[in-house]
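Participant: Since the structure of chain A is already known, use the hints to place chain B on it.
Same order as they appear, the protein sequences are chains A and B. For the first sequence, full-length UniProt numbering begins at 1 and goes up steadily by one. For the second sequence, full-length UniProt numbering begins at 1 and goes up steadily by one.
Some hints could be false.
[To be verified] Within a straight-line C-alpha distance of at most 27 Å, the following computed DSS-like cross-link-like pairs (lysine-lysine) qualify: (1) K27/A - K196/A; (2) K256/B - K487/A; (3) K503/A - K596/B; (4) K256/B - K537/A; (5) K620/B - K515/A; (6) K354/B - K127/A; (7) K299/A - K369/B; (8) K335/A - K258/A.
Bear in mind the hints are in silico, worked out from the structure with no lab data behind them.
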Amino acid sequence: MAQIKVTPLGAGETVGKRCFLLSIGRKNIMLDCGMDLGFKDERMFPDFSYIVPEGQITSHIDCVIISHFHLDHCGALPYITEIIGYSGPIYMTHPTKAIAPVLLEDMKKSAFDQKGNSFVYTSQMIKDCMKKVTGIPLYESVMIGSEIEIKAYYAGHALGAAMFWIRVGFQSVVYTGDYNMTADRHLGAAWIDNLKPDLLISEATLRNSRPYCEKDFLKKVHGCVACGGKVLIPVFALEKAQKLCILLETYWDRMNLKYPIYFAMGSAENANSYYKMFVAWANQKNTRNPSNCNVFDFKCIKTFDRGCIDDPGSMIVFATPGMLHTGLSLQIFKKWASNENNMLVIPGYCVQGTVGHKILCGAKKVTFENNQIVEIKMSVEFIRFNTHSDENGILKLIQNCEPRNVLLVHGDEIKLKHLKEKIRDEYKIDCFLLCDGETKVITTPLKIPLNFSVEKLKNQITSFNAKPPDPKHRRFLHGILVMKEGKLTLMDLPGVFKENTGKSRHALNFASYIKIEMSVLSSLEILQNLYLILKEKLSNWDVEMSSQTINIERVAVVIVGEEKERRICITWNNQDEDLGRYIFGLLQSIG
Amino acid sequence: MKFYCLSNDPVHSCFVVTFKELTIMLDCGLVMEPILNFLPLPLVQSSKFSSCPNWIHPRVNESQLDGELKKTGNHVFIDSPPEFQPPLEKIVDFSEIDVILISNYMNMLALPYITERTNFKGVVYATEPTLQIAKFYLEELVEYIEIAPKANKACKWKEFRELHNLNNLNLELSPWKWKKLFDIDDVHKSLSRVHIAGFDQKIDVYGALEVSPISSGFCLGSANWILSTEMEKISYISGSSTLTTQAKPINQNSLKNSDVVIMSGLTQAPHINPDAILGDLCMNVVLTLRNNGTVLIPCYPSGVIYDLFEILSQRLDESGLTTIPMFFISPVAEHSLAYSNILAEWLSSTKQNKVYIPDEPFPHANLVKNARLKFFKHIFSEGFSSEFRQPCVIFCGHPSLRFGDIVHLIELYGSNPNHTIIFTEPDFPFLQALAPFNPLQMKVVYCPIETSLNFQQANKMIKDLKPEVLVIPKVYTHPPLVAPHREDLVIDRLIAKQIITFKCGECIKLPLKRKKSQVFLDPEVALNLIPQEIQTGVKVAPISGLLDVRDNVHNIRKCDEVVEGVPKQLVSSLFKKNATYEYGSMGPMDIDLFLKKLKQDGISDVKLTQTSETDGVLTKIKLVNEEIEINISEKGTHIICEGKQSWRLQIRDVLMSCMNRF
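Chain A with its partners taken away, still in its complex shape (with noise of 0.2 Å):
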């Protein structure tokens, strides 16, 4: 029985990092290298350790994978590659390399850069660690080494994420990463052929039970702005701005809409540009349909300009830093917090300590460095969005790529027990929780290729389709099989002799008699009579009689001798000892 081994390398925390060490028939693969974001110390990063103490880790890892750029599934890239020193591939979608330096260069710089500490890492590791990674399309089947063999499928979740189809001899896994099994605006529902792996990964953070209304939204702000308000979304610059963008920009060119809405991304302007050029991993639907044109394409949405934030009447205006900690965002905030005519929209999850965080849980003033108190009388609303799937999306995946066992990872373990169970029960496959940090082990079965001669196969398949259908029947197949020069080769017995020359077969014969007792029946007689009686007996086996002889395959029955010295003699080879003994003690007992 071969194995398959899985390490969570992020320890005990339930959300936070992902990364997994996954041991496949003597490879050892990185699957995602995440950070956590609530660690300023080296809790931030996976316990690498664990691979190697000390010394170097490259010889130990065959190749690391990223499914998509969010920072719990990439940001320890720079830190492995730079500063542990890991040399060896790594790859990940297109998108995903083109937008995984943006986000983690805005984290480097958002998160440490103000208290003047320098992050672990710099612009020029996140760069240099770039140059290191593979970008790879979907469904492209990618050898890594001699014996590794990827494909990702497209997960749904955000640009670029990727769920991975691994496969190291006969051994197979798919990693999911986070998917989304559900079409939404900006993105397509995940796929996976029927893969049938040894293995399937699932990511289970299941998906918020309360989905955020599209249409309250759009409805709130519409309000808002109908009444001379200004609507401020604090937002990171990717991902949510374009869901938040495109949703805007479609619903103000139906309604004929002329408010003004402002992106003001500052640095971060280009990133758009990369949803842009990568429109094709949005929602298939946009994609299929050039003549919509690029959905990132923004028709109604003008650059922001600083000049904006004191213009009269009503407008909506996207800033960065989504947490309104620091930038553009908290500057317009304290601008637009105390009329009750404008609004707020937090479209994400705010780190304690962020005055996003602080409005978030009700706070009605917040308090600034220099004393400054800013009266939040604007409305807040808050809005979340599904990238993960439900409990129907992993069950819906496992009946897609039927997986012969489940390792369910990262989600609560009390919701998941319920799921576990519905797995095993629905599915007949085992399941397993991977929720604390334990490695677990999945044993699979071996597969042994044989060569095997085409003509015998087409014989062995014609004689079975000449005989009458019968479930029972059986497809028996023997064979020799030759081991040579490390091909494995089933032959008949003819072939394995002819192969090797110098050896030839040495029969090893048996003949025995049985006296026939007086009898008046002629020879051919008794002959006919024992016929009936093997014929019964050995019913599953070709009994046949020729003139003088009764063959039972290769077992031969003949009477020899005349008048009262008459013998039954039958004959065996050796390779027939078992049936031989047996038709010659069942034809003793008759006498």
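Facilitator: Chain B in isolation, oriented as in the chain A frame:
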């Protein structure tokens, strides 16, 4: 394995192979040659083409032709909507085709004929750019023909065999096989049946075969296809290129070790030296523009034009012609330009790296932004007349000059010697394309930009790939018609172990006989095997198992322990579980050993006689009161037992312990 050729054009090819009970169509090219026999379709009433006199054949009554044939200059044309040559029918039953594999967008244009007009029930595979760009080509083609409708479909002329060789076109195929173009509904329905494949993706075809498109470097998304089983490998090389300007470079490695290589799609302009062409083209453009002339470049809506935009704009800048606009006129111009810039995965690495900056991989987006390049659906589209300025460069379809806005533009500029028309697409012989427009005053320049392999490159590639069998169109073994003396423009007859040539409509049996196939051994069966070394490095073991066949995958699994209706002690016999095979000879040494062991076993009453026979020594051993006789010869050993079985079994055991067996 059988091979059928359904197209008379080695570039816009269509083949069918049957292998492992599968029927696979390789490419679905549309042969457009017939359209050159038709009068151009002008956008507006053309005095030239509407006033052509009827052509009169000395042996055919004019009234029988009903004015279907017209004469202009020295040429005869059919006055009818143009007709095309789809893949030949009645050679292969299209309903039996399991898959169609498309190698590039040029070789997909006949697909609607197959999917919408036959009983085809299979699956079509193409790469994403192939599908998208083929859609542009087809949409453009259909629009060009539908925008200039002709009332009458001419067919009476076909009744006269003597007319089939109009204009001395070398018509291999009867005009009866020509067909009217499909409509836009057919196009969309047909394309919706195409499944997307990625490079190097291994696609399973009914478990019997794996097919995989690999980059061919010829154009965006272009692929060669590999058809393989565990034992056999067939490579289909279609339009391929060693250039690396646009598309991902060719993957030659994957084509190695093929049993069969089918090669088509070599250069259509083998006699032209490609190195000088681009320089020539730019020079002619610059010269014309300097003389205040306008340049017409008949083109398809994608492909080489992307490079031309890039090169020409640079060249014009260098020549100080910075204000000269370029116009790209095609019903799909806008989509083609937009689409080309979202294809990062399919581009050459230089272009691909641009998207990480981020920059658009092709510069034409910038050219459009700077109003250097302007695109319009048609010359009568809104805005064109106000934007239009001369001198300029106009890219416009269709390269056959039989339909599309180009027809009007040639009529407009043809009489002025300051203007130039430059042919870059090698698909149509340019003199024939121009024939209905004669006499012309404008300059005509032929600069075919051919990116596919030339004969020298093809020969080199075959040498590297070393296929067992090479399958090529017969025409590749003769110098091309355009250069009959160039003996070097052929595929070298000695380049492969075996070369098989084919012609249109032929069915050829390819020498690929499947000898070995793969079966899988269940580990449970393997665990019980006891391999014996019968020769240095050769181990053998008898195997008994049950064959499971599912999805064309063969598995050997463990035999059952119990079989209904079979005595328990016979189950092992039924499955030959205890079968052993003796080999080698029993020499004097072995016989001594045998006797010694018998003695140890308590059998010492032995009579031994040895006689020389023709086939060696025959040893006779009689024992146990002569109830058992053992005859040992070179070939085998016979044990004749007259008495109790227990004796026989005992002797069997002793004998077996003295013999080589497995």
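Participant: Look at each hint and say if it fits the structure.
Facilitator: Results of checking the hints against the structure:
1. K27/A - K196/A: Answer holds: K27/A to K196/A is near 20 Å, not above 27 Å.
2. K256/B - K487/A: holds, 21 Å
3. K503/A - K596/B: holds, 25 Å
4. K256/B - K537/A: Measuring from Cα to Cα gives roughly 57 Å; hence the hint is violated.
5. K620/B - K515/A: Answer holds: K620/B to K515/A is near 24 Å, not above 27 Å.
6. K354/B - K127/A: Within the cut-off at roughly 15 Å; holds.
7. K299/A - K369/B: holds, 15 Å
8. K335/A - K258/A: holds, 23 Å
When each numbered hint is compared with the structure, a violation occurs for hint 4 only.
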